[in-house]
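Q: Just so you know, the sequences run in chain order P and H. First residue of the first sequence: 33, per our numbering; consecutive thereafter. First residue of the second sequence: 33, per our numbering; consecutive thereafter.
If you're looking for bench data, these hints aren't it; they were derived computationally from the structure. Please read all numbers here as calculations on a predicted model, not as lab measurements. Backbone N, C-alpha and C define an ideal beta-carbon position, used for all residues, glycine too. Check the hints yourself; a few may be wrong.
[Claimed, not checked] Just so you have them, the derived chain P footprint on chain H, three or more residues with Cβ under 8 Å:
hint : segment
1    : 47-57
2    : 97-107
3    : 129-140
[Stated by the list, open to error] Here are the computed distance ranges between Cβ atoms for each label pair:
hint : chain 1 : residue 1 : chain 2 : residue 2 : range
4    : H       : D114      : P       : R130      : 35 to 43 Å
5    : H       : D128      : P       : D128      : 23 to 31 Å
6    : P       : G226      : H       : S55       : 46 to 54 Å
7    : H       : D53       : P       : R64       : 38 to 46 Å
8    : P       : R59       : H       : D114      : 24 to 32 Å
9    : P       : P278      : H       : R223      : 48 to 56 Å
[To be verified] Non-contacting residues of chain H with respect to chain P, defined by C-beta distances greater than 12 Å in every case (computed):
hint : residue
10   : S154
11   : T268
12   : H274
13   : E308
There are 2 protein chains.
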Amino acid sequence: VILVVTLNPALDVTHHVPRVDWSGVNRPVAVRARPGGKGLNVARTLHALGAEVLAVGLAGGITGAAVRSGLSEAGVPAAFTDIAGETRRTFAVVDDHRGRTALFNEPGPPVSAAEYQRFLASYAEALPGCAAVVLSGSLPPGVAQDSYAELTGLAAAASVPAVLDAEGEALLRAAPGRPAIVKPNLAELERCTGRPMSGPAGFDRAAVIGAARELMAAGAQSVVVSLGADGLLAVTGDGLWHAAPPGEAQGNPTGAGDAVVAGLAHGLALGRCWQERLRHAVALGTASAAAPAAGEFRHADYRRLLGDVRIAPGEAG
Amino acid sequence: VILVVTLNPALDVTHHVPRVDWSGVNRPVAVRARPGGKGLNVARTLHALGAEVLAVGLAGGITGAAVRSGLSEAGVPAAFTDIAGETRRTFAVVDDHRGRTALFNEPGPPVSAAEYQRFLASYAEALPGCAAVVLSGSLPPGVAQDSYAELTGLAAAASVPAVLDAEGEALLRAAPGRPAIVKPNLAELERCTGRPMSGPAGFDRAAVIGAARELMAAGAQSVVVSLGADGLLAVTGDGLWHAAPPGEAQGNPTGAGDAVVAGLAHGLALGRCWQERLRHAVALGTASAAAPAAGEFRHADYRRLLGDVRIAPGEAG
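Whenever a hint applies, use it, and build me the whole structure from the sequences.
A: As structure tokens, then:
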């Protein structure tokens, strides 16, 4: 079982509106509501890959009930800890005509210390025997910024490798927990270090490697940086690789990042070597970027892309 | 008891976003979710007036549960008929900085004939002894366009006067049911008749009266047209009145229209004469337009405005 932790899930509501009137009344031509938050996209992708998953985290109120029932409809096993607050929504307004999307992300519900402790107990109970754990997304108000270090530490104590996808404080404070893989994207790494790493000529390879090594010095066992159309750069104890998709990756970047995390966790659980792990992660990310919604991909795209991913061993920059 | 029928209720979600980025990620500074749909605004206003109300209609799914629990929290008695479909949401993005609001109204859920029949049975059971019934808002898919005529006819058979606030087909087809009061606004009346009735100099009084008389010829017992800042024009079997608020009415037009309906129904239930009924309806509408959300008003505003409403008897145009 791959345990997927989503402490701040959401009900993602998407409205497709051909030509949005920003100061008037709009009637969406298509409406979609589904469980969201980065962790749940990862869980859905793993489920679609045929992996056994268990989604855990914090959920409350009527929106929390909608998240639970949406996962149940999708066949994704879940065991959320109940909280008194109301799980958040996100709203996406997609203007298909103009090719623009506006996202409105509600803040998470307040979480009490007692609620977080109840989650921690059920998390510790679920860990033994898991093949991997994924820790993904933002922390709701009331959950300490170093919580991911605590969760990673508990996983390490149970010999379960952890994949972490977080940003800002939550990412920086997590490193001492010794996560097996940390997966920031380029923008997150730039914000984390306060240094620019991309320009008109693409990403600055030496700067990215330098920042990854800093996260490793802080405790991370490996760092995989997602570079959008440039694929993945993996800085690990076993070596350094750059895995790139064929041609230009296009589409939904959120979905792509979450699919990369799913691919990395799946590879860990299956005991794939780094190169295979990266090949699958890039193919899955590229296939998912082309899908209409996060957590979805076409298996045919995934299989076809597996053969097209270019893996290059890198020299330490 | 005033029975308030809302066949297509909604969960109204409002995001306050200071400067909306229509092609990026926004973090609302304030989020609000509450039961909506015109009928539920009327029910809330009546409840705030101290009237006994019962909200009925169709509700389903998790959003329907949110509507029910929101009414319960507000202390508004409700007895909705359960449907298999999911009650709709509306989503408002309020850009306080630019003074603009974008509204996204989901379509209603499909309603089966059996579900509508179950509603009809509970409606017929609730009618006897009611002081008035309010029929307000759109009809969800699957509910016949002449349903308001059927509901008004059942009310008439139980000697309960009906106030109808609908538009388009639902309004035109309702008249034969002989509603006591029909309350279109000027734009709805223009769409109904296909004739323009307003210009730079204000509304065309003779045209409005003519259109009202057509609705009366089709069966409506009286027509009260809401004219925004110009107040109300009432065309009735007992006479013709124009009731105007002092100065310019400002603010939320949706809330104002629903409050006018509440004021008219309250006046019917209390046996107020037309002039008193209109005075209260205008004061309530004006007070509600100044409130931040539909279904709300300040009692002090309402009481103060009661003395300022100007009522003029009109000559038949």
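Q: With reference to the structure, classify each hint as holding or not holding.
A: Hint by hint, here is what the structure shows:
1. As drawn, the segment 47-57 of chain H meets chain P at 8 residues by the rule of a beta-carbon pair under 8 Å; at three or more, the given contact holds.
2. Figure legend: the segment 97-107 of chain H, annotated as covered by chain P; annotation consistent (3 residues with Cβ-Cβ distances under 8 Å, at least 3 required).
3. Counting residues of the segment 129-140 of chain H whose C-beta lies closer than 8 Å to any C-beta of chain P gives 8; at least three are required, and the coverage claim holds.
4. Here the CB-CB span from H/D114 to P/R130 is close to 39 Å, well matched to the stated 35 to 43 Å.
5. One distance hint, 23 to 31 Å for the beta-carbon pair H/D128 and P/D128, holds here, with the actual separation near 28 Å.
6. Take P/G226 and H/S55: their Cβ atoms lie about 26 Å apart, and the range 46 to 54 Å is violated.
7. Distance hint check: the CB atoms of H/D53 and P/R64 are about 22 Å apart, inconsistent with the given range 38 to 46 Å.
8. In this structure, P/R59 and H/D114 meet the distance hint of 24 to 32 Å, their C-beta atoms being roughly 26 Å apart.
9. With their beta carbons about 54 Å apart, P/P278 and H/R223 fall inside the hinted range of 48 to 56 Å.
10. Separation of H/S154 from chain P is adequate, the least Cβ-Cβ distance of about 24 Å exceeding the 12 Å criterion.
11. Even its closest Cβ contact with chain P, about 31 Å, leaves H/T268 beyond 12 Å, as expected for a residue assigned away from the interface.
12. With a cut of 12 Å on Cβ distances, H/H274 stays outside the contact zone with chain P, its closest approach being about 28 Å.
13. Every beta carbon of chain P lies more than 12 Å from that of H/E308, the smallest distance being close to 34 Å; the non-interface claim holds.
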